[in-house]
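Asker: Note that the protein sequences, when read in sequence, are chains A and B.
The numbering of the first sequence is numbering that gives the first Met the number 0, which starts it at 0 and goes up by one.
The numbering of the second sequence is numbering that gives the first Met the number 0, which starts it at 0 and goes up by one.
No lab work stands behind these hints: they were computed from the structure.
The C-beta atom is built at its ideal place from N, Cα and C for all residues, glycine as well.
Each hint should be verified, as a subset may be incorrect.
Selected chain A positions facing chain B (in silico; Cβ < 10 angstroms) [to be verified]:
#, residue
1, M0
2, M59
3, P94
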Amino acid sequence: MTKHVLFPADELEPGEVRRAEVGGVGVAVVRLPDGSFRAMRDLCAHEGARLTEGWLIPRMVADDVDSPEAEGVVLRCPWHGYEFDLDSGRCIADPGRVRARPYPVTVEDGRVVVERTT
Amino acid sequence: MSVATKRVGSLDETNEALRAEARAGTLLVDTDVHEMLDKIPDDLYPYLDSGWRDYLASSGYGWSGLRHLMMLPYISASDGHPEWRFPDGTMKAASAEATASILFDELGESLAILNGFYHVGAARSDYEFAAALASAYNDWQIETWLGPHPRFRGSAHVVPHVPEKAVREIDRVAAHPQIVQVFLPAATDVQYGDPSYRPIFEAAVRNDLAVAFHHGTHTETVLGFPRYWAEWHTLAAPQAAAGQLVSLIMNGIFEKYPELRVVFLEPGVTWLPGVLWRLDQNYREVRRTIPWVKRLPSDTIREHVRVSTQPMTDVTPQQFATLVEMTETQDVFVFSSDFSHFDADEAEAVLRGLSPELRRRLRFENALATYPRLRSLAG
């Protein structure tokens, strides 16, 4: 794994998404509402859209038709709306078949650091 | 086992014989047989109280099942193979003994699930009268067909538009051990995913029954009743099945009732791939609008939904095998004859040319895994 030091962490507000080039690969860096970071390949496995051009939206969950509620957030593809879990990178609707590779991400010395095998 | 002994014995003895057939791989389950009332309305009188008897006497057939269409050829003498009629032209499907002889002795079937022709559950008015007729029909079915013939299994006919009555009827009729399913009309003006129908599915699960959907002469296409039977017979059944399947899945019925198994009868096989793929794709795109749905619809279909094979004449065996492979639906299809319509399928015509594994699945394995009350027959 190689550490790639990216931009200052405070450049990304909670709820914002930014694309970064990491070793020649596009990575979506996401800052969650709680201030923590996530990173995944900036590529929808469906038709290749950049996920950073989509939206960070509430993740809707429900036990039944009368109880939908928001629980956390997901990254939604701009083209067909596929939703990606920010921890696993898996498409919530089709986790076994559709995935954006997730990468470890930390903040070191005030800068976002993504680890990726090169 | 010789033909002469195949239909002799109690229910327990018959079930033991069926288990032996399953172990030998020769079991053949027919999921869609249409038994008929012999005399309408006389057959039902013994099972109705005096008030409803008077209603029935006043209305003749008791239910205007044909609605708008002439329904040629269904109402003509050409519906049904000539050998499936008595010399006087009446249908052998109105005789339990004659039907048993055809299915079990001549056609080599092991077990036949009865779905009737008298689908009063499809009535769109007079629900209490319809419910009384459904109960009478259930009693007639049990006494005339199931009791004397342990290789027949039956349906609990109900009127879904009065769910509380339907639930009481399911609980009542399920006391008979040969009832294996709740029969619902594949109506085109009702979406069974609506929460108001949940008590029916709950009752089915509570009583270890599957739920079957079948179109009828009440079933319209999405454009209403077409001008000709050929149009209706092309569209009504698969459109109704597709509509109800989508409704059940997108309204979370299978998440609500994880033990529920449903069977779509007689829509054919070729409609399923398009619906399955479209369902999956819409779920991937707008899951957030239906978050109570937890799985990819095609995975739910493979676990919970079965489709009977007739009419299989649209496709060659190779085309069907390719369809199954493309959609990964080896678990989904169950054999049905649709006895005694003119276009009924005989088993060998359906199974010929399929792989040994797919033949076994269609003959009995998928059916036994579907109907909770048949599971114990699996060898």
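Asker: Evaluate each hint against the coordinates.
Answerer: Cross-check of the supplied hints:
At its closest, the beta carbon of M0/A sits 31 angstroms from a beta carbon of chain B; the interface hint therefore is violated under the 10 angstroms criterion. A cut of 10 angstroms between beta carbons decides the hint on M59/A: the least distance to chain B is about 4 angstroms, and the hint holds. Proximity of P94/A to chain B holds as hinted, the smallest CB-CB distance being about 9 angstroms (cut-off 10 angstroms).
Violated hint: 1 only; the structure is consistent with all others.
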